[in-house]
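Engineer: This is what each chain is made of:
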Amino acid sequence: MTITNKKISLRFPRHLVDRPVVYHLIKDYNLELNILKATISSEEGHMVLELRGERADFDKGIEYLTKTGLIIDTLCREVTRNEARCTDCGACVTICPAQAFSVDSISRDITFDEEKCVVCGMCILSCPSRSMELHF
Amino acid sequence: MAKTIEEINHKIRSGKAVVFTAEEIIGVVKEHGLKTAAAMVDVVTTGTFGPMCSSSAYFNIGHSKPRIKLGGGKISLNDVPAYAGFAAVDVMIGANALPDDDPRNRFHPGEFNYGGGHVIEELVAGKNIKLVATAYGTDCYPRKKLETWINIKDLNEAVLFNMRNSYQNYNVAVNLSDKAIYTYMGTLKPNMGNVNYCSAGQLSPLLNDPYYKTIGIGTKIFLGGGEGFIAWQGTQFNPGVPRTETGVPKRGSGTLAVIGDLKQMNSRYLMGTSMLGYGVTISVGLGVPIPILDEDILRHTTVTDDEIFAAVIDYSGAYPNVKPDIVAEVSYGELRTGNVMINGRKVPSASLSSYPRAREIATTLKEWISGGKFELTQPVASLPGVESGVKFKLLNERPINGSGG
Ligand code: SF4
Ligand code: SF4
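Quick mapping for you: the protein sequence lines, in order, are chains A and B.
Each residue of the first sequence is one higher than the last, beginning at 1 in the numbering used here.
Each residue of the second sequence is one higher than the last, beginning at 1 in the numbering used here.
So here's chain A without its partners, still in its complex pose (with noise of 0.2 Å):
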């Protein structure tokens, strides 16, 4: 069980500035929540929080939020790649402004390193086995 801890930034539309959005992820979703800055005015609501849970519940929050209709900042989204999918072909190597893959000169497996991704989503379409999946 891998622990997902993350920042997201959520805009809050005028229509759902007075709904219990941060109670539900917390009582439904087991996620842990923190704060960290949160304007909310009659017209609009802005809000980030940290988050922490497991990888399953994450992800099933913030299909929750999105559903809800809150917008999430494109920030916070994260580019991870589908082991089971990549064929170590190389085609992402070049395409990559962040040089976030590597060449091992031996084996020629393709390592990607999640720290230098700029999640630019230049690889999404460019991987020919659509290992590149981006999330939030």
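These aren't lab readings, by the way, just hints derived from the structure by calculation.
Do not take every clue at face value.
What the hints assert, rightly or not - From the derived model, a few chain A residues whose C-beta atoms are all more than 10 Å from chain B: (1) H15; (2) Y23; (3) T39; (4) E50; (5) D57; (6) T66; (7) I71; (8) I72; (9) V79; (10) V118; (11) E133.
As the list claims (entries may be wrong) - The calculated DSS-like cross-link candidates involving lysine-lysine, where the alpha carbons are at most 30 Å apart (straight line), are: (12) K65(B) / K130(B); (13) K127(B) / K60(A); (14) K130(B) / K60(A); (15) K7(A) / K60(A); (16) K37(A) / K116(A); (17) K144(B) / K74(B); (18) K346(B) / K116(A); (19) K220(B) / K391(B); (20) K189(B) / K116(A); (21) K179(B) / K116(A).
These numbers were taken from a predicted model, which means no experiment stands behind them.
Ideal placement from N, C-alpha and C gives every residue a C-beta, glycine not left out.
Guided by the hints, dock chain B with the ligands onto chain A, whose structure is given.
Structural biologist: Chain B with the ligands in isolation, oriented as in the chain A frame:
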């Protein structure tokens, strides 16, 4: 010391065959010399894994009650149109087929997330596939509509057929224009910002037997994780291209048409593939054993990436317009370092075919043979060699209006 395939099979049966991959054999021959190694080694295994567009699968779904004649009707698999030009219940699907509602390149570059290649991948993975068909109905086949799930385990026959793959060398692609282009050789950045290649090089089947001395029609091979056979020379077979002194073609040359039972294959080696702005295809894993019958055959298997050269072609101009110009010639050894020098410029290089998976295939085939699970076959006919005069022709385009053919 010449050997025969029967002698090698005898050793395979008794578990005594000496087998190396096309990568390992380079060091073995360096260490022992050609003569000693030729006496010692029985088989060299090769492998490749990359997008192979001319791939298809055909199968027989069995007769429905009442019967339907799909031939001449219309059929789709997971909404991807399949070919229904055969008899009652034989169906064929091509790797490049797209659902009718796919936007294709209407919004350039199109994504091409799902097509025939993915249907073949899912079929072989044992997933249920939605089949929808309409037919015109006959007295003996009255039914006009069929909607059903199908599964590979229920099909009578399920066969993978590729009319061309395992290209013996291939173009290396660059883009000399000032905007990005999207090709079957991947995304090419403007002003030669990157260079893409697609070959297993020193592990590739036909580069290890450049004159088709052992690889022929009837050769049993590793195909998609199972066993298959070479059925014919592949389409666009072009043996007469320029070659190096040791016989290695410097341009796209021989190809293979292959066939095998889809039911024993594995989706790890048959994977639906999307080429941004180009289309959908399938990556196919293929491996060919090379029996070491004499020193000459062994010498060819010791080919290294440094000795394989390919033409760099501009996919923004020369390629689409079929101009013979080449930008440069580069070696696979250089391409694999991650950068190549082209006209005095260092250009980052990337591969579209998977070298690790090509190695995995060559190694698996080696294990099958050493383990006595896979015997070699004697080809029943040769592929057309250099002396055959077989040539790849461009279309001789003749306007239709005016006088008839
Ligand atoms: S392009 Fe895709 S399949 Fe190829 S190495 Fe990169 S992530 Fe893996
Ligand atoms: S999203 Fe962009 S930066 Fe991140 S790995 Fe893909 S290409 Fe590189």
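Engineer: Each hint should be assessed against the structure and marked as holding or not.
Structural biologist: Consistency of the hints with the structure:
1. H15: About 32 Å separates H15(A) from the closest Cβ of chain B, which puts it past 10 Å; holds.
2. Y23: 37 Å, holds
3. T39: Consistent with the label, T39(A) stays out of reach of chain B, its closest Cβ about 37 Å off (over 10 Å).
4. E50: Its Cβ never comes within 10 Å of chain B, the nearest being 34 Å, so this holds.
5. D57: Non-interface label stands for D57(A): nearest chain B Cβ at 28 Å, farther than 10 Å.
6. T66: 20 Å, holds
7. I71: Holds: least Cβ distance 24 Å, greater than 10 Å.
8. I72: 22 Å, holds
9. V79: 16 Å, holds
10. V118: Holds: least Cβ distance 17 Å, greater than 10 Å.
11. E133: Correct as stated: the minimum Cβ-Cβ distance to chain B is 12 Å, above 10 Å.
12. K65(B) / K130(B): 18 Å, holds
13. K127(B) / K60(A): 26 Å, holds
14. K130(B) / K60(A): Status holds; Cα separation ~29 Å.
15. K7(A) / K60(A): 16 Å, holds
16. K37(A) / K116(A): Holds: K37(A) and K116(A) sit about 26 Å apart, inside 30 Å.
17. K144(B) / K74(B): This hinted pair holds, its Cα atoms lying about 10 Å apart.
18. K346(B) / K116(A): Answer holds: K346(B) to K116(A) is near 23 Å, not above 30 Å.
19. K220(B) / K391(B): 26 Å, holds
20. K189(B) / K116(A): Status holds; Cα separation ~21 Å.
21. K179(B) / K116(A): Distance ~26 Å between K179(B) and K116(A) Cα, so the pair holds.
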